[in-house]
Amino acid sequence: MITFFALFGPLISNDKPYCCRLEGITYYPLFSGISEAELSAQHPAFSPVDWRTTSFESIWRTPIPYSHHAIDLKSGAHLSPTGTQPLSLKFRHWLGTDILGRDVLAGMIRGCRVSLFIGLGSMLIALLIGIPLGSVAAYYGNGYWRISWIELLLSGIVLFGMVCIWYLSYSTLIKIIIATLFLIVAWFLFRLTKFISSKKIGFPLDTLVMSLISIVDSFPGLFIILILLVIFPSKGLMTVLLAIALLRWPVMARYIRAEIFKMKESNYIKSAQLLNIPDFRILSRHLVPYAFRPVMISFIFGVSSAILAESSLSFLGIGLPPEEMNWGRLLSESRNHFDDWWLVFFPGCAIFFTLLSLYTIGNMVQKRMEEGSFREM
Amino acid sequence: MVRKGIQHIILTTSLLLLALSSCKTGIETSTPLVVNVRIAQEPETLNPLFSKSSFATQIESLILLPVAEYDPVSLKLSPLLITEIPTEQKVSEGKHSGGSMYTLHFRPEATWTDGSPVTAEDYLFTIKSVYNPYVNASSMRGFFGFISEIQTDPKDAKKVTVFIDSTYILPLDVITNFQLFPANVYDPKNIMTGFTLEELRDPNKKWTAEQDTLLKQFAESFESPHFGREMVMGAGPYELDNWTTGEFIRLKRKSNYWGDKISNPPLLVQGYPTEINYRFYGDAATAEAALKSGVVDVMGDVSASTFIKMKNDPQWADKFQFASPALLQMNYLLLNNHKPILADKRIRQALAYCLDYDGIMKNVLQGLGQRTVGPIHPTKRYYDKDLKPIQQDINKSIALIKAAGWKDTNGNGIPDKIIDGKLQELSISIKITNQEEGKAIANILKENAKKAGIDINIEVLETSQFNDARRQNNFDIEPMRMRSLPTLDDPYATWHSQSDKPGGNNVSGFHSMAADSVINEIRTDASEKERDIDYHSLQEILYEEQPVIFLYVPLERIIVSKKFEFLSSSRKPGYFENLFKRAS
Amino acid sequence: MKSSLLRRFIGSLFLLWIISIIAFWLSKLAPGDEVMDYLTIDEPRYNINSNPFELRNAYQLIAHRRGLDLPLFYWSITPGIYPEEVNRILPFDDRIVVKEWIDESKNGEGSLALYNLLKTGMNTSCSEKNHSFSGELTCQDFNKAMKTAELMEMQKNLHLLSETLKSDPALDSGVLIFVSPVLASCDKLLNEKNHGTGLVRLPVIKWNGLHNQYHRWMTGLFSQRPLTSLVDGLNAWGKIFDAMKWTLLLNGFAFLLAISIGVVIGIWSGRHDGKPLERIFNWILFALFALPSFWLGTLFIYALTSGEWLSVFPSGGLGSYQGAGSWIGKWGILFVHLFLPVTCLALGALAYVSRQMKQSILHQYQQPYVKALRAQGISERTIMRKHIVRNALFPVITIIGGSIPALLSGSLIIEVIYSIPGMGRLMYNSLLAQDWPVVFPILMLGAAITVFSYLLTDIVYKWADPRVKTV
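Protein chains in written order, with my numbering: chain W, 1208 to 1584; chain S, 745 to 1328; chain Y, 171 to 641.
Simulated from the structure, these hints should not be mistaken for lab results. Where a beta carbon is used, it is the ideal one built from N, C-alpha and C, also for glycine. Honestly, I wouldn't trust all of these hints.
Far from chain S, by Cβ distances over 12 Å, these chain W residues were calculated [claimed, not checked]: (1) 1373; (2) 1423; (3) 1430; (4) 1436; (5) 1453; (6) 1465; (7) 1478; (8) 1491; (9) 1496; (10) 1500; (11) 1545.
The calculated SDA-like cross-link candidates involving lysine to any residue, where the alpha carbons are at most 20 Å apart (straight line), are [as the list claims (entries may be wrong)]: (12) Y:317 with S:1241; (13) Y:541 with Y:557; (14) Y:198 with W:1488.
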């Protein structure tokens, strides 16, 4: 249900009607994306556009005739859902409004969208980073790839060359062309080194990945989020999402690494390796799908903790843009108006039930899996 | 078993504690007067030259008295350390010919904490310390730059003569409105006496190695936390007793204080409470709870909704007094007139007309504010009452935008126009900090402007980035506050085109020949009447041009426990904790 | 065994070094000019336009004190077209402007020369004792020119300046000396640009030696030289240890509370899994977990301290524990003040710990040894107490180990709400104030604890279970 609200939120709550009829012309304001000012410039009858007071010949409104960001200072500020409201029943704020007259119900619906987007989005990104790194690290370990000193030296030179090219004072296009040429030359050189025999050492892939995880882990989460929010010029959903994802991927990577470590020693995989099935295929077909199931649980709990984290960021005022309305924002707004129970109760319930459902799903998945593993045995 | 034991311990301690805390409250009623003040942020230092927050100034002025300060009630400069406010004497000969001369006489009773008298040497020391090249006080240097020379009298240690060559509208402020340091405390080695003010102010002066180390040595010790947090002393009624980082600052009333011995002491020289505790509560909700539970007796800058709510609640109205004096401050939206979109007067006007002022006054301020039309505070005599504050009129905004040639040609819902050969969308960003009021106004502006077709982006920035953006002229709109002095306004710094330069105060980039000439006249007008007329015409020009959008004069919201009698004032912070008396 | 341990230890040190470099690099990415920030006052007493010369001098002084005039790292790579000195130009705003000149004109030396000319001109004209009209004008216009990124615009302004100066009857000839070379240099830059004589150069790599910013603060961490906060001049380590004291107290208590109660609840609900009472209990715990801590904290403050409902506990802060005579009184006051924040923190963790414990108990129930014990006729109570609980505690111990770093890093939100001067708040405020001398030690301390606690866990595991491979 939350997903439904999240997807169709703008269609349910919006101050623009689906369609309206005025002076014989029919408009579809919600779908056409035309702005209020433009409408009133074209058709003086609209001026200034106020969907509520203009008398239309016929109108079909959204079920909740408010946008989550719509401010109504004149008649709608700070209304209690149970008290009398100076509005007709059609325009009643069913869950009340905040101090600026923003409709709580519209904010709640928007909140579904934002919370799910942040929760799922950040964890998906965390998975996307965590799974490849974790699985590759576990599968290849430290000594699987062997690399000669010459190759190491050469790659160092290539890296250095790329840096040099980056600092050349040409336009970006020319830089890219030079870089491509340089890389082609480097590739040929790599082919050449195959003919020179030298001592090989194991490439410490696992150690590298684990170090990366330790590095991310050893910065306080707050530091990472603050630095990211400060560095990124635009502060929006995406920045918050990326920040949370950056904090979460090590957990994912660690889980998957531990799982694959266990499975890689199994005879099943060993025989697959003997059959010369390509590594990538083994990883993607046989290891990751099975290792993914335990990770699934931490994914689901991760989603809920991401939603909580986002609301805490809203509290500190360092998260989403101020016109954004969501559960955490409503809750943190309620801190200064504690008498207004409707600012507390509804978003609190929303968070609670979302987390509860996620938790239940998590438990179900876990049970299903345990049963499944019994059956396999 | 162990768990049970722990439970026992917890229980007994909590019981013990309840007993203890009740004891404490029992004593408090019979002990001398203690005032607990909430401040939102811990000051960095209590050295007035380096402290930046207004909370620090609030505390400092109780410890280190200014030479003269604006009286909380009369709002006139009242002599604190001097016997009277000096009068201007024209100098007709000598090197200061054409300038003016002021003679200050320090009060014969005035002494520092150790009992030594406040003298002209201390005055000179304070200014010299500002000009020590290694002391970081560039803003104060600009302030004292108007002083041409200071002469002390070898016969009368309490007399000092100050010369000002240039004409400046507020000479008395420069001469007297700053806090005085006791030279023997802050410079125990008497380093600064070895230098003359003239030498220190000469930027081309080459110091010898020895002098250089001395200057550095002084600067280092002067800026050290020792003089900022431990050894804070002055001629004020209070001394620093305890500063626990992150928790509180406690001031104690001096026992042998000179202010007690003079007849008719000015308000700011007096001090009734024996102890003032400044408690740091950053979070507003916590501070509110602290106020309600009696941990804190005074709270300023209460949010408007809390203020109204508590005032209307009989439970709290019985326990607290509520004061809402009008502050000498104006809130406005700073517009960047350098930006091509906002350089057009019509767009600025359109923005001004689209704002829902009534809604802001009613909801954001809860009615605790007053509209204003220009940079002149409404309480001033020369405030132009004929100008009516702008009211919301979306139709007018739309018309103005249309008249300015903006039209949505590419069908994205935002009007656009070709400026300097490039297609510009009518899209403006507003930069705000993380303050509730700013956020609310930005949100309202965004919603209102959308109706008129203007697209507003809200960017929340850290305070430092917010200030950086303004400094680098990299902003469209920023909500700002403008402080107003109780004396005459000098519009030169904020509105004259000459002040629109890097580091200048005309940040809006407003240029107008008419305004320039009016400002120049204000600065040189001889009679009050002429000046009033010029002030009026300046307000009219600014009203017409809307270089910035003036919003309102907020009323301060102060809640004080009924245990005290207090005085509210339109000077920040609105209350004066040294004047608190026990309620009769 | 020993050699591998040593290798791990050295590896950890290396990791810490990398972390320090990353932290340093991130600090340099933070926007905003910290020196300018320090110099500007939020609410100036008087609207006085400061003298640009004074401002620059002050800037140089502060920047030098903070070591910002040093090169960043042991070596530097700069595009060949930028002369090396460009990266030393302060203020940062100027540096950006000069770089833009270079990008526009493709002439590094010329732009730098122009900058230096402008600077000397400005210094002399602004510092003149008797401000003549022409001196004042030159001072302001030069200052403006140094902030103008477009050369064309600057040329226009400078021409205007020179015209005005020439028309000034009381012309101070000393001023004009600066204007004409600047104009010439500017013209030259623009001409060369039009002729397209931009040079192609390889990037320059320069070894800066030990005299660099990174080295400065790395040695600052270890040397005797006190690391002082940029905000209040206090010793950074002193600030950190003061804050850590409170954080340890707060988090330590909360932690003990959460673990002890959580384990008990976990055992209980493990035993009564699925019963209605257990379900209700689970729900309540879950609700506590689902409510954001900032909200729970405010609820407590509002309901239990303010007197709106009850006024049992003091609202925030640490109280006047210093004034209490005996240590019992002192700890008593602290206890009362810390009770609510500790409860808040503990409640959040409680759900997690008890859930883990419950899962672990249920898992143990399914183990074959339980069946064996039951078959032996040992009472359920004894099985529970002697065997299941003991075995089920292991995962909880892992949680304890894993949360030691979090114990030290503090809990910002609770500290903000209850105004407790702990690590979270110190870190947050220092970060916002860009007080790097305080932020770095905190970061490095946290990193060291994290890295070494991983090392320690590995060692302990290895010692406990020889089968675990070293990774």
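Exercise. Could you work out which earlier hints the structure fails to respect and list their numbers in ascending sequence?
Key: 4, 11, 14
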